[in-house]
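These protein sequence lines map, in sequence, to chains A and B.
In terms of numbering that gives the first Met the number 0, the first sequence opens at residue 0 and continues consecutively.
In terms of numbering that gives the first Met the number 0, the second sequence opens at residue 0 and continues consecutively.
Treat each hint with caution, since some may be false.
Computed, partial: chain A to chain B, Cβ under 10 Å [stated by the list, open to error]:
hint, residue
1, S14
2, A52
3, D65
4, V83
5, I90
6, N104
7, Q129
Don't read these hints as lab results, they were simulated from the structure.
If you're wondering where the values come from, they're calculated on a predicted model, not measured in any experiment.
The beta-carbon is built from N, C-alpha and C at its ideal position, and this holds for glycine as well.
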Amino acid sequence: MRFMIIRKADKETESGVLPSGALLDAMMKYNEEMVKAGVMLAGEGLTPTSAGARIKFSQGKPRVIDGPFTEAKELVAGFSIINVKSKEEAIEWVKRWPAIDGGGNVELELRQLFEAEDFGDAFTPEMQAQEELLRTQSIKNG
Amino acid sequence: MRFLVMVKATKESEAGQMPDEKLLVEMGKFNEELVKAGVMLAAEGLQPSSKGARVRFSGSKRTVIDGPFAESKELIAGFWLWQVKSKEEAIEWLKRCPNPHEGESEIELRQVFESSDFSAADYPSEESRQLLKAEDEFRKRTQK
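With the hints as extra help, turn the sequences into a complete structure.
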């Protein structure tokens, strides 16, 4: 099963403070460990919400609101995707997240990803084949 | 430049309601367009927060809090990773997106850091430069 680890934002990430060399080093070592264990699928950092936007759909109509957004604790600063055998294993990995991140105070949210089989019969074999094709092409786009 | 495009959760998505067939098909077509245009890098849906957890770090303490979490508007129900030329291009794509929920939806767009954002001026040491280079290579490996 796959999980998304969401690194919540804080005042520092929202103000555009980049990680220190020591944190870069610790994060790199942590990621290397997950890669070696065959757990890590992806990992990215997000720039502050001042470079982002929100789109609200209401009655089918989109409305654009430019960042920044204020509720720092509910925002996302980065994410990783991991492939593990259980939620417990995912939690074990998250507990080993570099302790110096966020000056020792950080919140990480763990969320399970949907897999094709979760969609039941509505997701026909034809649609599943099409999705596989899209996935392969998406990776090539990168 | 890359953007992470996050679909915010709703009461329904948090209750585990799956998209109906019509939406599944419409979203499939939109995704196909994104792929053909070379915009799409990844797309995933998240299970309700009841299947997730939060880990809070405070000094050397780790506190695990199991889901569900109450503030559904601040939670994420799914995401795309897009490669586009500008924020405006990402917004144009989003305006064509089928409404991901019945009724009201909110989608948040966030620019992803590239290794070029970590300038030599901010990270002058040889060690930092090597780390950033290693990260670039690491990214290439995980994308395979």
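> Hint numbers the structure violates, sorted upward?
Replying inline: 1 and 4
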